[in-house]
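If you read the sequence shown in the numbering used here, its first letter stands for residue 108, the second for the next number, and so on.
Keep in mind the hints are simulated off the structure, nothing from the lab.
Please note that the accuracy of each hint is not assured.
[Unchecked claim] 27 Å max Cα-Cα, derived BS3-like pairs, lysine-lysine: (1) Lys146 - Lys169; (2) Lys191 - Lys146; (3) Lys146 - Lys173; (4) Lys218 - Lys146; (5) Lys173 - Lys218; (6) Lys191 - Lys173.
Since this is a predicted model, take the numbers as computed values, not measurements.
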Amino acid sequence: MGFGGQDRLRASWATYYRGTHAVIVVIDSTDRARISIMKDELFRLLQHGDLEHSVVLVFANKQDLKDAMSPAEITDALSLHSIKTHDWHIQACCAITGEGLYDGLGWIAQKVGGKPNAA
Numbered sequence: 108m109g110f111g112g113q114d115r116l117r118a119s120w121a122t123y124y125r126g127t128h129a130v131i132v133v134i135d136s137t138d139r140a141r142i143s144i145m146k147d148e149l150f151r152l153l154q155h156g157d158l159e160h161s162v163v164l165v166f167a168n169k170q171d172l173k174d175a176m177s178p179a180e181i182t183d184a185l186s187l188h189s190i191k192t193h194d195w196h197i198q199a200c201c202a203i204t205g206e207g208l209y210d211g212l213g214w215i216a217q218k219v220g221g222k223p224n225a226a
C-alpha cells in the first residue's frame, strides 16, 4: 500500500485486509513534509483486527536521491520501534533500479512462508 493515494480511496483499503499475512508500505524517502501523515496512516492500518497477525515491510524508496531520508531517519519518523504487535522490517530500496526489492520480499517470504491462508 502506498500512502500517496487519494484520501477518498483509503476507506476502501480494509476490503483487502482479510487473510493478509504481510503489509508492504512504500515510503517516498524524499517526502519529509508528509512523513507524519504516513505515520498516522500506518498506525491506523495496524489497529485493524484483520491485520493483527500480519508482518510489516516498509520500503524506504528513492534511496538513489541525495535528499532521501535514511532508513534510520524513517524508522524514527514513523516510530517503528514502538510497534510491538507486529514483526516489522525497513528496507532501503530504489524502485527504478530494483535495488533492495528482493531483499525486502525475501524477508517477507522468510516470515510468512508456510502460513496457511485464513481467507
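Evaluated hints:
{"no.": "1", "hint": "Lys146 - Lys169", "verdict": "18 Å, holds"}
{"no.": "2", "hint": "Lys191 - Lys146", "verdict": "15 Å, holds"}
{"no.": "3", "hint": "Lys146 - Lys173", "verdict": "22 Å, holds"}
{"no.": "4", "hint": "Lys218 - Lys146", "verdict": "23 Å, holds"}
{"no.": "5", "hint": "Lys173 - Lys218", "verdict": "32 Å, violated"}
{"no.": "6", "hint": "Lys191 - Lys173", "verdict": "32 Å, violated"}
Checked against the numbered hints given earlier, this structure breaks hints 5 and 6; the rest are met.
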